[in-house]
Amino acid sequence: MLKLVNARKQFTAGEVVNALDGVSLKIAKGEFVGIIGPSGCGKSTLLYTLGLLDSTDEGEYFIDGTRVDRFSSRERAGLRNKKFGFVFQSFNLISRTTSFDNVLLPLLYGQTRGATAKVQHALEQVGVWNKRRNWPNQMSGGQQQRVAIARALVTEPEIILADEPTGNLDSKTGEEIMELFRDIHSKGTTVVMVTHNPDLLKYATRIIEMRDGKIVSDKKL
Amino acid sequence: MNIIENFKTALKSLWNNRLRSFLTLLGIVIGVYAVVTLLAAAQGVQNQIGGFVEDFGPRTILIMPGETDSSGTPNFAAQAAPSTLLVDDIEYLKTHADLIEQTVDYAVFIGGLATHGDKKLSGMPVGITPGAVELFSIKVVNGRDFTQSDLDQKKRFIVISEAAAEKLAVKVGETMSIGIEKFEVIGLFKIEQSLNISSSQGEMFFIPAPVANEINKSPQVNRIVAHAKTVEDVDRAITQVKEALTTKHGTVDFSVMKPTDILKTVDSIINILKYMVIGITSISLLVGGIGIMNIMLVTVAERTREIGIRKAVGATESAILIQFLIESILLTVIGALIGIAMATVTSYLAAKFSPLEPAITSSTIMIAVGMGVVAGVIFGLLPALRAARKNPVQALKYE
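Residue numbers (this note's numbering), protein chains in the order written: chain Z, 72 to 292; chain E, 899 to 1297.
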């Protein structure tokens, strides 16, 4: 479903860093991919490249057989909206905005039909419908991350991209969030998750290890 | 994102920072307030003059001393010098210009302090023939106006404005003085349209024109009012009058106008004034606009993360651009509306407590709102472009 061929990306601000140094990767539908490695190894850059938030300097990227690395920013935004759902370490909810409106946001940039029902379904799925009128600062970290996951799910994307989703949570809450990802995966959604906590990868079907912008191991479990 | 959602988002953001939003839009409020108030005042003057001129019939021809300057504007400086028009010009016109009616009126300005008992008043006494009243737009409300026989007999009668009568404590039938001359008050009038040219307080005195000539010991007249026989003949009648007087005087030392010419002159002067008003107040709008740009840049910087989030969930660059542009336009338009509201109150108070009659027209409001929208777009564009072009990955990491 996703195919990256020989992707290169350099950060030249200050020290030159090869974030992606000739990465080739295929991800099939229904996989639960865990990407691990030390910080600065390029795993987040890989995730954002897959999610079309970032672009590569070189290499080709195909989604469902269509080459997308030369897409305009408008086309990329459209694909992000339809195809992907993002979950971040620091939740990234819009402050002073209710959970409901935060989850509604992706629908405002795409499919607005039946939005209310979709938002309710997404919030119920992650168990925080009762927090729909709360602002992010009125909820615990775990609740905020659940709202953020609901936001990623509301467009019914094929792929969820998660960047250290448990990094800001205590271990018990982190476990709960991982259970949630397992549920999402079990319903057929592809999950790609960056983490540096190998304990959390017990639900993954495939583990990719990165170092210095290169994939050093790629194991299917 | 549709337009309603954009407005909701913009309103929410402005409301979240209400004090900051309010202080920011003050600049626009003051700018628009100045534009609307000054344009309303200019429009008011224009309306008043227009109303005054409309009181003249369309056949009226006005002859004034002094040459018209090259642009067709009467030479107002010449009005102060001894008049170049004489009483016998009128008889001459009657016989040498057959396109005008036989009744030709005229006005003679005289000097002299008005007194009654121990009350004194400096006004502008004018000697007139009955038809010349047309020049002053007055209505007799008490007693009577002059008749032709009063004129023929050079009766020492005077018709004065109500304001003057009140100040002098004089009633119809009593005697008052202009300089050393005594007059019997036969009528009071009220001024329907005041141009405030003759006297700011509306204190006016009319005496029979031949009496004025007698007092001045001079046959000079200051205004001649003739009428073309038909509306179609006005322009030809003016030419005829000009030719006749030029022949008689041997030179062009007078000007001949129709009331619409005066209106045109006044309109062109006031229109220039209006452009000046818009120009000057644009400077305050510029200052207000820079304030808007500054705050929008701050807003965009503060909301970098939000911009990253919106992009991550599928917002296009143009969606972000429009979101922030709508926010700045909303800010300036709210400012413009407040400015218009304040100007409306000011104009209402000015009309009530001063001789001005400011008029806020729909075009003035459109100009003000338009300036608000334009300022919002111009000063919001740079911040909105910055927002739209933010790199989503960096924006998401922004602290």
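Hints were generated in silico from the structure; no laboratory data involved. The model shown is predicted, which means the values in this text are computed figures rather than measured ones. Beta carbons: idealized from backbone N, C-alpha and C, even for Gly. Don't take every hint at face value.
As the list claims (entries may be wrong) - Covered, in the sense of this in silico footprint (three residues per stretch, anywhere, with C-beta under 8 Å from a C-beta of chain Z), are these stretches of chain E:
id : stretch
1  : 928-939
2  : 1281-1295
Said to hold, decoys possible - Keeping only pairs whose Cα atoms sit at most 27 Å apart, straight-line, the calculated BS3-like set for lysine-lysine is:
id : chain 1 : residue 1 : chain 2 : residue 2
3  : Z       : Lys153    : E       : Lys1080
4  : Z       : Lys285    : E       : Lys1250
5  : Z       : Lys243    : Z       : Lys273
6  : Z       : Lys74     : Z       : Lys243
7  : E       : Lys1295   : Z       : Lys243
8  : E       : Lys1115   : Z       : Lys153
Right, here's what the structure says about each hint:
Residue count for the stretch 928-939 of chain E with a Cβ under 8 Å from a Cβ of chain Z: 0. That is fewer than the three needed, and the coverage hint is violated. Figure legend: the stretch 1281-1295 of chain E, annotated as covered by chain Z; annotation consistent (3 residues with Cβ-Cβ distances under 8 Å, at least 3 required). About 98 Å separates the Cα atoms of Lys153(Z) and Lys1080(E), which puts this hinted pair outside 27 Å; it is violated. For the hint pairing Lys285(Z) with Lys1250(E), the CA-to-CA distance comes to about 82 Å; that exceeds 27 Å, so the pair is violated.
Distance check on the hinted pair: Lys243(Z) and Lys273(Z) sit about 15 Å apart at the alpha-carbon level, within 27 Å; holds. Only pairs whose Cα atoms come within 27 Å are accepted, and Lys74(Z) paired with Lys243(Z) is rejected, the gap being roughly 35 Å. At roughly 26 Å between alpha-carbon atoms, Lys1295(E) and Lys243(Z) fall within 27 Å of each other, so this suggested pair holds. With a C-alpha separation of about 99 Å, the suggested pair Lys1115(E) and Lys153(Z) falls outside the 27 Å cut-off, and the hint is violated.
Checked against the numbered hints given earlier, this structure breaks hints 1, 3, 4, 6 and 8; the rest are met.
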